[in-house]
Amino acid sequence: SQQGEEDPQALSIQEGENATMNCSYKTSINNLQWYRQNSGRGLVHLILIRSNEREKHSGRLRVTLDTSKKSSSLLITASRAADTASYFCALNTGTASKLTFGTGTRLQVTL
Amino acid sequence: DTEVTQTPKHLVMGMTNKKSLKCEQHMGHRAMYWYKQKAKKPPELMFVYSYEKLSINESVPSRFSPECPNSSLLNLHLHALQPEDSALYLCASSHVPSGWTEAFFGQGTRLTVV
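Going line by line, the protein sequences match chains A and B.
For the first sequence, this note's numbering begins at 1 and goes up steadily by one.
For the second sequence, this note's numbering begins at 1001 and goes up steadily by one.
Please note that the accuracy of each hint is not assured.
As the list claims (entries may be wrong) - Taking beta-carbon pairs under 10 Å as the criterion, some of the chain A residues facing chain B (in silico):
hint	residue
1	Tyr35
2	Val44
3	Ser73
4	Ala90
5	Thr93
6	Ser97
7	Leu99
8	Thr103
Claimed, not checked - Reference listing, derived: stretches of chain B covered by chain A, where coverage requires no fewer than 3 residues with Cβ under 8 Å from a Cβ of chain A:
hint	stretch
9	1050-1057
10	1084-1097
Please keep in mind that the hints were generated in silico from the structure rather than gathered at the bench.
Beta carbons are placed, not taken as given, at the ideal position from N, Cα and C, and that holds for glycine.
Chain B on its own, in the form it takes in the complex:
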């Protein structure tokens, strides 16, 4: 199984809602990532989890809260988002927490904040 599975595929939420994005991989990878991608722009790194611990936070606003319950799962909890947070959110994993190996990406969650 070489897949990274993200749910849901689409999400529409109000600015007062609380929602969560989920990501799962069963490749035994020990690094997991959240990226944000606006239309016609490159993906931008948000968070890196290394061996289930948060190792990089790219100064992401606190309305985005990541969680790594175990080595296979990664969540992104959303609260009080703004319309400008609408984007494609991509989860990725890699065998080890280093840039020396390829990253496997999920298909993303397309988030719309209304």
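Okay, chain A solo, but in the shape it has when bound:
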């Protein structure tokens, strides 16, 4: 399967703490993207990391990619209640214009 496997499936933390979620995959990738989905509605793109990159930052987000281990992690620092959502990694493989989404991590940030 080209789908990414994410862990944990669910994560509950308090506001101000950091949240880390991981994505593992089995195939070679062109790039890996992270998306957020609030309450089962539309997805919002967070960050794209190319296969030749190891780390990227965007605001409170830090993404790492280890192609030798076929894994990526998303770190959200100083979490806020508004970060409560489901987070998906998405793999771009081959030459096709398609993304294959991972299984997702449901993040709950409490006050």
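Position chain B relative to chain A; hints supplied.
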């Protein structure tokens, strides 16, 4: 305008009905996508339109019929659906038809087949 607009937001239809989902973007994107998402599952790709032509069909049953009338519009025609087709249907677009750019998603149509 960085929005992808989907209508309707909710749809309930019988198994003998014919309905259509609509998607619109005005960002000049040349790739548009339909995804299906069941509860607590990731989105699954259904179709990709590249420069208004169907480029990927992920073996979707023929009761789902996509249409791209122009570069801004994408429709999904529904006919003789089954209850298991109930799901959130998401439209997305990207600047070019490649996985190298981010995808912009609409808010989805929540479809219930009764």
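The hints, checked one at a time:
{"no.": "1", "hint": "Tyr35", "verdict": "holds (8 Å)"}
{"no.": "2", "hint": "Val44", "verdict": "holds (7 Å)"}
{"no.": "3", "hint": "Ser73", "verdict": "violated (18 Å)"}
{"no.": "4", "hint": "Ala90", "verdict": "holds (8 Å)"}
{"no.": "5", "hint": "Thr93", "verdict": "holds (8 Å)"}
{"no.": "6", "hint": "Ser97", "verdict": "holds (4 Å)"}
{"no.": "7", "hint": "Leu99", "verdict": "holds (6 Å)"}
{"no.": "8", "hint": "Thr103", "verdict": "holds (6 Å)"}
{"no.": "9", "hint": "1050-1057", "verdict": "holds (count 3)"}
{"no.": "10", "hint": "1084-1097", "verdict": "holds (count 6)"}
Hint violations for this structure: number 3 only, all remaining hints satisfied.
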